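Student: Sequence:
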Amino acid sequence: MLKIANRVLLGLVGLLLLALGGSVLAVGLGVDPPSWWIHDGRHDVLLSDADRTRWRDDGWWWPVVVAVLALTVLLALWWLIAVLRRRRLTEVPVDTGDGEGALLRGRALEDALAAEAGALEGVRSARAALGGRRGAPEVRVRLLLEPHAAPGETLHRLTTEPLAHARDSAGLPSLPAEVHLRAVGHRPERVT
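According to the numbering used here, the residues represented by the sequence shown are 14 to 205, in order.
Some clues are possibly wrong.
Listed next, with one range per pair, are the computed distances between beta-carbon atoms [stated by the list, open to error]:
#1 Leu31 <-> Thr66: 47 to 57 angstroms
#2 His52 <-> Trp74: 43 to 53 angstroms
#3 Thr109 <-> Leu87: 21 to 31 angstroms
#4 Arg100 <-> Pro47: 20 to 30 angstroms
Below, a list of computed lysine to any residue pairs in the SDA-like style, where the Cα atoms sit at most 20 angstroms apart [as the list claims (entries may be wrong)]:
#5 Lys16 <-> Arg101
#6 Lys16 <-> Ala190
#7 Lys16 <-> Ala89
#8 Lys16 <-> Gly27
#9 Lys16 <-> Val26
#10 Lys16 <-> Val192
#11 Lys16 <-> Glu151
#12 Lys16 <-> Gly145
#13 Lys16 <-> Arg98
#14 Lys16 <-> Val107
#15 Lys16 <-> Leu97
#16 Lys16 <-> Glu104
#17 Lys16 <-> Ala142
#18 Lys16 <-> Ile94
#19 Lys16 <-> His193
#20 Lys16 <-> Gly198
#21 Lys16 <-> Leu90
#22 Lys16 <-> Leu93
#23 Lys16 <-> Val96
#24 Lys16 <-> Leu82
#25 Lys16 <-> Gly34
#26 Lys16 <-> Arg100
#27 Lys16 <-> Ala196
#28 Lys16 <-> Leu185
#29 Lys16 <-> Ala95
#30 Lys16 <-> Trp74
#31 Lys16 <-> Val136
Just so you know, these hints were derived from the structure itself, not from any lab. Please read these numbers as outputs of a predicted model, since none were measured by experiment. Beta carbons are placed, not taken as given, at the ideal position from N, Cα and C, and that holds for glycine.
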């Protein structure tokens with residue numbers, strides 16, 4: 014959801030800036046603007062002295078300006094924090110059967126899963142990242158496949174071997190996975 018909101022917001026801001034910049038450029042190059050447009054001609058300024066000082070003496074003007082700028086800064090900070098926040102799961106609780114339980118480091122589970130997935134036939138390299146909630150982890154696996162690897166077979170082996178082992182070793186009822194497969198770029202083989 015955050016990726017979609019991020020892309021939509023960036024797209025809207027980009028379109029707005031492109032439209033405004035393009036219109037100012039067009040007017041600067043001599044295109045006649047519509048009568049309602051804020052920029053009248055090549056030598057016109059976007060914000061005249063009269064426009065800038067129109068509400069300066071009104072009591073509501075500066076509090077509104079400060080509130081809008083503060084809200085803009087807070088929204089920009091919220092957006093930055095949401096984009097930069099780490100989404101990796103650091104620990105997974107494991108039921109040891111004695112009522113005590115234990116914590117499995119997320120990085121250890123990721124490394125074990127990536128090592129086992131990387132050892133599958135036809136896999137050049139593998140990376141795993143644990144996400145989700147502490148009680149319901151999810152994993153994202155990225156596999157770089159050799160040119161001769163069969164994606165369907167590799168995916169089947171990944172789900173029945175490394176993912177099943179990770180789920181069973183952590184004592185999880187399920188371990189949802191998102192798998193990205195990518196083939197290694199290679200030169201075409203010459204047939205003689």
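Student: If a hint holds in the structure, say so; if it doesn't, say that too.
Tutor: Do the hints match the structure? See the list:
no.: 1; hint: Leu31 <-> Thr66: 47 to 57 angstroms; in the structure: violated (30 angstroms)
no.: 2; hint: His52 <-> Trp74: 43 to 53 angstroms; in the structure: violated (23 angstroms)
no.: 3; hint: Thr109 <-> Leu87: 21 to 31 angstroms; in the structure: violated (45 angstroms)
no.: 4; hint: Arg100 <-> Pro47: 20 to 30 angstroms; in the structure: violated (46 angstroms)
no.: 5; hint: Lys16 <-> Arg101; in the structure: holds (16 angstroms)
no.: 6; hint: Lys16 <-> Ala190; in the structure: holds (19 angstroms)
no.: 7; hint: Lys16 <-> Ala89; in the structure: holds (16 angstroms)
no.: 8; hint: Lys16 <-> Gly27; in the structure: holds (16 angstroms)
no.: 9; hint: Lys16 <-> Val26; in the structure: holds (15 angstroms)
no.: 10; hint: Lys16 <-> Val192; in the structure: holds (18 angstroms)
no.: 11; hint: Lys16 <-> Glu151; in the structure: holds (18 angstroms)
no.: 12; hint: Lys16 <-> Gly145; in the structure: holds (15 angstroms)
no.: 13; hint: Lys16 <-> Arg98; in the structure: holds (13 angstroms)
no.: 14; hint: Lys16 <-> Val107; in the structure: violated (31 angstroms)
no.: 15; hint: Lys16 <-> Leu97; in the structure: holds (12 angstroms)
no.: 16; hint: Lys16 <-> Glu104; in the structure: violated (24 angstroms)
no.: 17; hint: Lys16 <-> Ala142; in the structure: holds (17 angstroms)
no.: 18; hint: Lys16 <-> Ile94; in the structure: holds (13 angstroms)
no.: 19; hint: Lys16 <-> His193; in the structure: holds (17 angstroms)
no.: 20; hint: Lys16 <-> Gly198; in the structure: violated (28 angstroms)
no.: 21; hint: Lys16 <-> Leu90; in the structure: holds (16 angstroms)
no.: 22; hint: Lys16 <-> Leu93; in the structure: holds (13 angstroms)
no.: 23; hint: Lys16 <-> Val96; in the structure: holds (8 angstroms)
no.: 24; hint: Lys16 <-> Leu82; in the structure: violated (25 angstroms)
no.: 25; hint: Lys16 <-> Gly34; in the structure: violated (27 angstroms)
no.: 26; hint: Lys16 <-> Arg100; in the structure: holds (13 angstroms)
no.: 27; hint: Lys16 <-> Ala196; in the structure: violated (25 angstroms)
no.: 28; hint: Lys16 <-> Leu185; in the structure: violated (28 angstroms)
no.: 29; hint: Lys16 <-> Ala95; in the structure: holds (10 angstroms)
no.: 30; hint: Lys16 <-> Trp74; in the structure: violated (36 angstroms)
no.: 31; hint: Lys16 <-> Val136; in the structure: violated (29 angstroms)
The structure fails hints 1, 2, 3, 4, 14, 16, 20, 24, 25, 27, 28, 30, 31 (numbered hints given earlier, in ascending order).
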